[in-house]
Amino acid sequence: MTDTIEQPVDDTTTRMNMIQAINSAMDVTMARDPAIVVMGEDVGYFGGVFRATAGLQKKYGKTRVFDTPITECGIIGVAVGMGAYGLRPVPEIQFADYIYPALDQLVSEAARLRYRSGGEFTAPLTVRSPFGGGIFGGQTHSQSPEGIFTHVSGVKTVIPSTPYDAKGLLIAAIEDNDPVIFFEPKRIYNGPFNGHWDRPAENWSKHPGGAVPEGYYTIPLGKANVVRAGEAVTMLAYGTMVHVCAQVVADTGVDAEIVDLRTLVPLDIETIEASVKKTGRCMIVHEATRTSGFGAELAALVQERCFYHLEAPVVRVTGFDTPYPHSLEWAYFPGPVRIGQALKKILKD
Amino acid sequence: MPEESDVVDALSNLKPLSLHVPEPKFRPGDAVDFADVEVPAAGSVRRPDTLAPAQDFTDLAYTMVRVLDEDGQAVGPWNPQLSPDRLRRMLRDMAMVRAFDERMFRAQRQGKTSFYMKSLGEEAVAIAAAHALDDEDMCFPSYRQQGLLIARGCPLVDMMNQIYSNTGDKLQGKQLPIMYSEKRFGFFSISGNLTTQYPQAVGWAMASASKGDTRIAATWCGEGSTAEGDFHSALTFATVYRAPVIFNVVNNQWAISSFSGFAGAEATTFAARAIGYGIAGLRVDGNDALAVYAATAWAAERARTNAGPTLIEHFTYRAEGHSTSDDPTQYRSAGEPTAWPLGDPIRRLKDHLIALGEWDEDRQAAMDREVAEAVKTAQKEAEKNGILGHGLHQPLDTLFDGVFEEMPWHLREQRQQMIDEETASGRPWARK
Ligand SMILES: Cc1ncc(C[n+]2csc(CCOP(=O)(O)OP(=O)(O)O)c2C)c(N)n1
Ligand SMILES: [Mg+2]
Numbered sequence: 001m002t003d004t005i006e007q008p009v010d011d012t013t014t015r016m017n018m019i020q021a022i023n024s025a026m027d028v029t030m031a032r033d034p035a036i037v038v039m040g041e042d043v044g045y046f047g048g049v050f051r052a053t054a055g056l057q058k059k060y061g062k063t064r065v066f067d068t069p070i071t072e073c074g075i076i077g078v079a080v081g082m083g084a085y086g087l088r089p090v091p092e093i094q095f096a097d098y099i100y101p102a103l104d105q106l107v108s109e110a111a112r113l114r115y116r117s118g119g120e121f122t123a124p125l126t127v128r129s130p131f132g133g134g135i136f137g138g139q140t141h142s143q144s145p146e147g148i149f150t151h152v153s154g155v156k157t158v159i160p161s162t163p164y165d166a167k168g169l170l171i172a173a174i175e176d177n178d179p180v181i182f183f184e185p186k187r188i189y190n191g192p193f194n195g196h197w198d199r200p201a202e203n204w205s206k207h208p209g210g211a212v213p214e215g216y217y218t219i220p221l222g223k224a225n226v227v228r229a230g231e232a233v234t235m236l237a238y239g240t241m242v243h244v245c246a247q248v249v250a251d252t253g254v255d256a257e258i259v260d261l262r263t264l265v266p267l268d269i270e271t272i273e274a275s276v277k278k279t280g281r282c283m284i285v286h287e288a289t290r291t292s293g294f295g296a297e298l299a300a301l302v303q304e305r306c307f308y309h310l311e312a313p314v315v316r317v318t319g320f321d322t323p324y325p326h327s328l329e330w331a332y333f334p335g336p337v338r339i340g341q342a343l344k345k346i347l348k349d
Numbered sequence: 350m351p352e353e354s355d356v357v358d359a360l361s362n363l364k365p366l367s368l369h370v371p372e373p374k375f376r377p378g379d380a381v382d383f384a385d386v387e388v389p390a391a392g393s394v395r396r397p398d399t400l401a402p403a404q405d406f407t408d409l410a411y412t413m414v415r416v417l418d419e420d421g422q423a424v425g426p427w428n429p430q431l432s433p434d435r436l437r438r439m440l441r442d443m444a445m446v447r448a449f450d451e452r453m454f455r456a457q458r459q460g461k462t463s464f465y466m467k468s469l470g471e472e473a474v475a476i477a478a479a480h481a482l483d484d485e486d487m488c489f490p491s492y493r494q495q496g497l498l499i500a501r502g503c504p505l506v507d508m509m510n511q512i513y514s515n516t517g518d519k520l521q522g523k524q525l526p527i528m529y530s531e532k533r534f535g536f537f538s539i540s541g542n543l544t545t546q547y548p549q550a551v552g553w554a555m556a557s558a559s560k561g562d563t564r565i566a567a568t569w570c571g572e573g574s575t576a577e578g579d580f581h582s583a584l585t586f587a588t589v590y591r592a593p594v595i596f597n598v599v600n601n602q603w604a605i606s607s608f609s610g611f612a613g614a615e616a617t618t619f620a621a622r623a624i625g626y627g628i629a630g631l632r633v634d635g636n637d638a639l640a641v642y643a644a645t646a647w648a649a650e651r652a653r654t655n656a657g658p659t660l661i662e663h664f665t666y667r668a669e670g671h672s673t674s675d676d677p678t679q680y681r682s683a684g685e686p687t688a689w690p691l692g693d694p695i696r697r698l699k700d701h702l703i704a705l706g707e708w709d710e711d712r713q714a715a716m717d718r719e720v721a722e723a724v725k726t727a728q729k730e731a732e733k734n735g736i737l738g739h740g741l742h743q744p745l746d747t748l749f750d751g752v753f754e755e756m757p758w759h760l761r762e763q764r765q766q767m768i769d770e771e772t773a774s775g776r777p778w779a780r781k
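Top to bottom, those sequences are chains P and V.
If you count by the working numbering, then the first sequence holds residues 1 to 349, one letter each, in order.
If you count by the working numbering, then the second sequence holds residues 350 to 781, one letter each, in order.
Quick caveat, the hints were computed from the structure, so don't treat them as lab data.
Possibly wrong hints are sitting among the right ones.
As the list claims (entries may be wrong) - Which bits of chain P does chain V cover? Going by a derived footprint, with three or more residues having C-beta under 8 Å, they are:
1. 61-69
2. 322-336
To be verified - Okay, derived cross-link-like pairs now, PhoX-like style, lysine-lysine, Cα gap no bigger than 25 Å in a straight line:
3. 519(V) <-> 532(V)
4. 58(P) <-> 374(V)
5. 374(V) <-> 62(P)
To be verified - Derived Cβ-Cβ restraints for the label pairs, each shown as a range:
6. 364(V) <-> 206(P): 53 to 59 Å
7. 59(P) <-> 424(V): 22 to 28 Å
8. 115(P) <-> 674(V): 37 to 43 Å
Quick reminder that beta carbons are idealized off the backbone N, C-alpha and C, glycines included.
Here chain P stands alone, though its shape is the one from the complex (with noise of 0.2 Å):
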């Protein structure tokens, strides 16, 4: 295990939920920052659908920490406003499939508002949303937009995979003086999932990353981590797959390095490049559909950088360029069927 995480300053570390990491770095940097507000539907006395902001209205009042009308649109013009102001708004949107009503506050305004004003205004936002299916919530509660983001200038996006990422990823997004998309995988929040829906769920409680600091600690953004070193394949993933690639390399004994890369932008182009030319093969996993999907950037920057170190074509393994479905979820799913069958093929090419 290589890791990239430099030491944090307060090592009492607690086990952690993804939940309660995230809650936990809100909470931290809240207490550090009186500019920090945290806003969006039911985050205020309730705590949040999925308890995120449990505890901190109490603790921060509900001038800093409050509910919205729902309008995500609303949610994210007023916060790009409070950010002009001086604020530093963390806003909520529920589910990641709620957050296109907000896109033109998001990538016509916060994305741009540095670059058109000359610098005179900034959006020092992070937007948090769970994303991600595996939870049996149909096609509104379930996808994976972040290709959207990343097609955007102007905007960093962001995804954690373990309660220890998430907090440091969080803290260092939240101090980000540019806006943030902070993509929650919410199908790990309770524990890391192999993929194996039929297995019985796991919680953090025995993983590494779920060992947090209780204090103050920050992951840069743009650094990738590189979860297993391996020389036969590198493995580029984020959020849940991590742990599905994870589990097929450990069922299948391929020596398989995979990055987690953390933060889509900014990429960490070294990290990738170097793995790369060391294995000579790349497989592109994520949950979001195929098309345009954040895959395909992926293998063009590997193909344009590593081209002459490469033994085999680039291997995408995605989900399929349908609407989320309901009941045929995991047939949908890039589960280890899917990415067992692309290692044998990339190994043999």
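Given the coordinates of chain P, work out where chain V with the ligands should sit on it, guided by the hints.
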């Protein structure tokens, strides 16, 4: 923060601003008293001519149309004078919705499906509207108007098949439970994304008008959903083109954990949203089936005579959790549902029928048994087609149907890949 305000005072001599954040009256543990909910006497609100321009009755957006009084009598100008037979059918439809909800909620708890949403306490809103509209009128509902389907005679088995995502589900398990689509019953495909149906209803109504049709459209959303931009786009289009559409805002006081104050209810009513747009606005007692019927019929007559759109706020109460995923004891007082001043819509219509001498407790009990039995029978029938669960899925190859009319090459390739995966998994699933 005294130091900060001192600074402000010294600089400008102005008082510091403060931010208002709404707070509901009651939280868990609080005793509930709804004395400040203004409930005008039944029959006390005037009923203007349907052809009158919207600005002539702005007062109707701030009061409450009520027909059923405390003694079960139907009174005042809004009394729709319905036949006892119609009243009994409305009563039975409401009871059916309640029995259906009860059973399907339990099915979710038993692990037979992933999700369910009840409409307990709000049954009159959908049922009375369906009775007042023509069956040919087009409905663009939210997820809480299952009553429209039941009133229009959609077979319960079909609804359950959808809830179970089973082999009898004509949506092929593609949608979350209760996100029905029933074109044959004038019921638009339900979206999980709030208020998208509002402008769509206006578009349908504009199309109907432009084609010289006679059918109108009706749409529903919750009070929380009125905050979405689509709500306001819809009202703008509707007023500009005088679209033959009825906007229903179901104000059940709560949007998941957020009380109506987060949609603006501290400052005004939802019916009053209509005024700024020049649209007719009515506020009705949503637990009074006759008031809902009368308001809908009035709005329908306006729409059918090209007099323009109407927005109806149905003042009601969400008596249970938002959905099977919700626990309302976390954020509101458990005393609210029973203290709600407008009562139970089923009991109120029942009392009215009894007062008319057209009904009695025995018949009510027999009807309750009969609807419960009908729901149970339908459930048994539906479960023959399977329940949601691993191993009883839709035929695998249906996953790719319906993305496009014709399947492009990349989807054909992906479908083959999926079938190869299934073969490799050694656990073949059901096929078409
Ligand atoms: C665009 C969008 N944002 C958020 C949600 C999540 N959500 C589902 S229902 C709901 C509350 C809606 O409340 P209300 O409009 O009052 O309707 P009710 O549930 O009370 O019938 C929320 C926030 C959603 N489905 N779609
Ligand atoms: Mg509501």
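Which numbered hints turn out to be false for this structure? 7
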